[in-house]
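Each protein sequence line maps, in turn, to chains S and X. Numbered per the numbering used here, the first sequence spans residues 22 to 254. Numbered per the numbering used here, the second sequence spans residues 794 to 1176.
In case anyone wonders, no lab produced these hints; they're calculated from the structure. Positions of the beta carbon are idealized from the N, C-alpha and C atoms, including for glycine. Wrong hints could be hidden among the right ones.
[What the hints assert, rightly or not] Simulated coverage check for chain X against chain S, where a stretch passes if three residues somewhere in it have a Cβ under 8 Å from a Cβ of chain S: (1) 982–994; (2) 1012–1023; (3) 1040–1048.
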Amino acid sequence: MSITGPLVMVVEDEPQMRRFLRASLASRGFRLVEAATANEVTALVTSHSPEVILLDLGLPDGDGIEIARGIREWSRVPIIVISARGREADKVEALDAGADDYLTKPFGVNELLARIRVALRRARDANPSTTPILQLGPLHIDFARREVKVDQCDVHLTPIEYRLLALLAQNAGRVMTQGQILQQVWGRGHDEQAHYVRVYMAQLRRKIEKDSARPRFLVTEPGVGYRLRDRLD
Amino acid sequence: MVSGDQRQGSNWAGAAGARRLWGGYAATVALVGVATAAGVIGRRQLALPDFVMLYLLTIMIAATVFGRGPALVASTLSVLAYDFFFIPPFFTFVVDDQRHLLTFAMMFVVGLLISSLTQRVRRHEHEATAAILRARTEEMRSALLSAVSHDLRTPLAAITGAATALRESGSDASPQDQAELLGTICEEAERLERLVRNLLDMTRLESGSMVVRREWVPLEEIVGSALARLEEQLRGRPIRLDLPSDLPLVSVDAILLEQVFVNLLENAAKYTPTGSALDLTARIADGALAVAITDNGPGIPPGSETRVFEKFYRAQHTGAPGAGLGLAICLGIAQAHGGTLLAENRAGGGAVFRMVLPLVGAPPSTPSEVDGAAESRPRERAS
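Required output: the full structure, derived from the provided sequences and hints.
The following block contains the structure:
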């Protein structure tokens, strides 16, 4: 048990959820600071400077999306929002408001730890785009040479396909919303062309996945967006 | 609950009755008019008792079809019209022969009797219908309650049992036993989650609050995320996909359609032997997307091809867990897309579920890049 493990702030009104998070995070060396209401959040973030915030979107006294937006105005601390299934629109809104990732209730501890791991790594690696190479199982991306290989074989991508893959790779392990992808790959003013993302994602999968209907690298997050895995299980 | 329903029932009857009431009175007046006209036209062939019978018939019809109020109106109007048109002196309410007054009185009394009798019959009928309706609602509610409580309790019992066993035995339990108990807790919790999700979906479908948010999506992506969600349940089972590479984008609610695939595949996995193959094919035909999921299991009990889509229906004697909601939800989602979902047995054994969704509009275009002109890197630098 390390007493200097990363400090995680849990913003959650349900005591049983806090209990579960406390038990599973403390046993893995994380330190915890807990908030049960939206009111306490700002003060606690200021006084404790957590390294990750787990934020429940269903707080009774405040709009989780507004809290995320508020924190993002003055802090770059990673925010992982927690919400129920069927609230995809909320998740997208929170992500577009500056949250880094999300967890759907109910979730397992593996998923929780994976999200925290990715968030911490991104926060520490201040400029992730300088990472020169991404290796994910048989997938190899060399950003400096704009080279993509699968099983040592070159894969030829169109400029848009490459930009799409590079964007997801620079955010490996983290979900990117349709809107974020559209804006960063196609630029502003394409809000009405959400299908571009899906069409190019399908093309990209045909080029780099062994079976495009069972993707191993490029995961669909239904109703939210896409995620490039950061490790293969 | 029951008294609330009764109140609701009478409210309903009252509201519907009020709407019909004025129409009933108007029709009654018209009816008396028709009887009078018929009498006037046939006055040469008819005797006085015939007119009386004609009016009694009118009162009877008014009572049977429109109820007590219109029947009273019919009685009054009949007496007046009989007097006015058929009793001398004609076209006045003056009566020469005092005996006719007795006829009027009897006509009116018979009218009253008929109307109160028919009213009583109608009330009995109405009560019987309401009772049947109530019994059916009650039956459905108790079926729901018993299905849901059984399905909620079974996983809960397993979770409670496994968790207390772990707590009691502590470190005494062998690692295998511990793993077994922990596995039970996780699996049963997931089952509870699925059940709650199905109940919520069903409620949303039935209350009409399920909104179809259509977007242009490749079918492959939807199938892919459904397969990813079912990774555990479909492990070790060959899934043969036949999705033509030139399938156009389809305008559907991706989340709802994914749920259809999840439920259909889950259902197939539940009722077919472990390890047996499943086939998923998709085609575009006649302006519709046709999807078929075929299994190699025992098939659907003959005659139950439609019933499998009913709420709480479960194949008998299989002992497979579930509340019998999955397929009902699939049908609801297919219909919400303007489509159909059918189940049938294959000639060679096994069941096939066929979903047909009409294609809505033309897929939007996606500007294509000039292929090969601008690849991710120059070819000559390949190592």
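For a quick check of understanding: which of the numbered hints are violated here, in increasing order?
When the structure is compared with the hints, none of them turns out to be violated.
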